[in-house]
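J.: So you can see what is in the structure, the chains are spelled out below.
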Amino acid sequence: MELKLNSKNAQAAYDKVDKAGKELLKSLYPNFNFDQDITARIKTLDDAIDCVKMCDELNAVLAYKGSNEQMKGVAAFARLSIVREALNQGWKADFSKDEPKYYPYQIHKPGVGLSSAGWAFTAASACVGARLSLKTSDLAIYAGKQFEPEYREFNTL
Amino acid sequence: MLESNLNQNTENLIHFKKMSNNLIITKENALKAIQKHPESREMLQDLFQGQLVEIDDRPITEKVKTFDDALQLFPATEDQIWLLSYKGSDKEVLAAVNFMKASIICQVLNEGWIADYSNDDQDKYEPIWEYQEGVGLSFYYWSLTPRFTHVGARQAFKTIELLKYACTQFRGIFNQFLIIE
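Residue numbers (our numbering), protein chains in the order written: chain A, 920 to 1076; chain B, 6 to 186.
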């Protein structure tokens, strides 16, 4: 009799357990790469959603497909919040610590609209907020490019 | 008595016409009279009960002191009312609710102006916050962003004054979606 485990569930368990638990999972599934970079695992919004627990109301906001500008903005904000939580893997921006926090910013390109332009960092002394901050500049660049349409929707009225 | 009061208070701004037994006054002139002679407001409103809806020409920062004030000027849709009435404790949903409140406030204060990042000639001001332990985020400075954006059009303002006002008057709302507790 074979026991089957979904790779996403295995990865979710691996992310939560201690060192001994990680070793156990690696020995159980020697051919699965538990240590792959988070950017290899989170390529779409659905990938991010799979990593984050959400209540019904948040699901309803994420699923909004109407034309109301404010609701579209809120849905984009919620989607980027989910992406941020998945990419940060438990790290949370803490303004009481004077540590850098990174976020992507966009610039308008003719014929294209707002597009990923790079990253900026923020500290406790001066910032643009924590809700969409990422823990490294690499993650900010990745998020800005991979989720460019979501950032564009968030940034545009 | 009424006619003499009207004439006294509104001078030549209100034009009366004798028509049958009625005195006719144009609504436009009555409203002008109210604006020019605030002391006549009560009497004119009593005379034309329910017929004179005054134009509120106070600055937008005088009209919008609370989120409810903003909502009065920005009627919410059914979807928005559903989200605004959220009573749960999920932090991401609460952040979404407050993000929407801040977006509505921004849109109302901007009075129809919308940040257009394709327009280099249009100045847009975005907030920079300062964090203080025990206080949270407070307005620190502004960023002028003609073509790029750190926070997006939903948090961009047409003037520095409006930006400062929003960040100060509605600091609590901004804090509730900018900070992760």
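A couple of the hints might just be wrong.
For the chain A half of the interface with chain B, some residues (derived, Cβ under 7 Å), not all of them [unchecked claim]:
#, residue
1, 944
2, 947
3, 950
4, 970
5, 976
6, 980
7, 990
8, 996
9, 1005
10, 1009
11, 1015
12, 1021
13, 1025
14, 1074
Pairwise CB distance ranges (calculated) [stated by the list, open to error]:
#, chain 1, residue 1, chain 2, residue 2, range
15, B, 64, A, 1011, 36 to 42 Å
16, A, 987, B, 64, 25 to 31 Å
17, A, 987, B, 166, 54 to 60 Å
18, A, 923, B, 177, 34 to 40 Å
19, B, 119, A, 923, 37 to 43 Å
20, A, 974, B, 34, 27 to 33 Å
Quick caveat, the hints were computed from the structure, so don't treat them as lab data. As the structure is a computational prediction, the values presented were derived from the model and not from experiment. Backbone N, C-alpha and C define an ideal beta-carbon position, used for all residues, glycine too.
J.: Each hint should be assessed against the structure and marked as holding or not.
T.: Hint check results:
Look at residue 944 of chain A: its Cβ only gets to about 28 Å from chain B, farther than 7 Å, so that hint breaks. With its C-beta approaching chain B no nearer than about 33 Å, residue 947 of chain A sits outside the 7 Å limit, and its interface hint is violated. Hint status for residue 950 of chain A: violated, given a least beta-carbon distance of 35 Å to chain B, over 7 Å. Residue-level restraint check for residue 970 of chain A is violated (minimum Cβ-Cβ distance to chain B is 14 Å; threshold 7 Å).
Annotation: interface hint on residue 976 of chain A holds; nearest CB of chain B at approximately 5 Å, less than 7 Å. Annotation: interface hint on residue 980 of chain A holds; nearest CB of chain B at approximately 6 Å, less than 7 Å. Because the closest C-beta pair between residue 990 of chain A and chain B is about 5 Å apart, less than 7 Å, the hint holds. At a threshold of 7 Å, the smallest CB-CB gap from residue 996 of chain A to chain B is about 5 Å, leaving the interface hint in force.
Nearest Cβ of chain B to the Cβ of residue 1005 of chain A: about 12 Å, over the 7 Å cut. The hint is violated. Contact between residue 1009 of chain A and chain B, as hinted, is not supported at the beta carbon level, the nearest pair being about 12 Å apart and thus beyond 7 Å. Interface restraint check for residue 1015 of chain A: the shortest CB-CB distance to chain B comes to about 6 Å, inside 7 Å, so the restraint holds. Here the hint on residue 1021 of chain A is broken, as its CB sits about 12 Å from the closest CB of chain B, past 7 Å.
About 6 Å separates the beta-carbon of residue 1025 of chain A from the nearest beta-carbon of chain B, less than 7 Å, and the hint is met. Interface restraint check: residue 1074 of chain A against chain B, minimum CB-CB distance 3 Å, threshold 7 Å, status holds. Between residue 64 of chain B and residue 1011 of chain A the Cβ separation comes to about 39 Å, which falls inside the hinted range of 36 to 42 Å. Against the hinted window of 25 to 31 Å, the Cβ-Cβ separation of residue 987 of chain A and residue 64 of chain B comes to about 28 Å, which satisfies the hint.
Separated by about 29 Å at the C-beta atoms, residue 987 of chain A and residue 166 of chain B break the suggested range of 54 to 60 Å. A hinted range of 34 to 40 Å is violated for the C-beta pair residue 923 of chain A and residue 177 of chain B, which are about 50 Å apart. In this structure the supplied range 37 to 43 Å is violated for residue 119 of chain B paired with residue 923 of chain A, their Cβ-Cβ distance being about 52 Å. At about 57 Å, the beta-carbon gap between residue 974 of chain A and residue 34 of chain B misses the expected band of 27 to 33 Å.
Checked against the numbered hints given earlier, this structure breaks hints 1, 2, 3, 4, 9, 10, 12, 17, 18, 19, 20; the rest are met.
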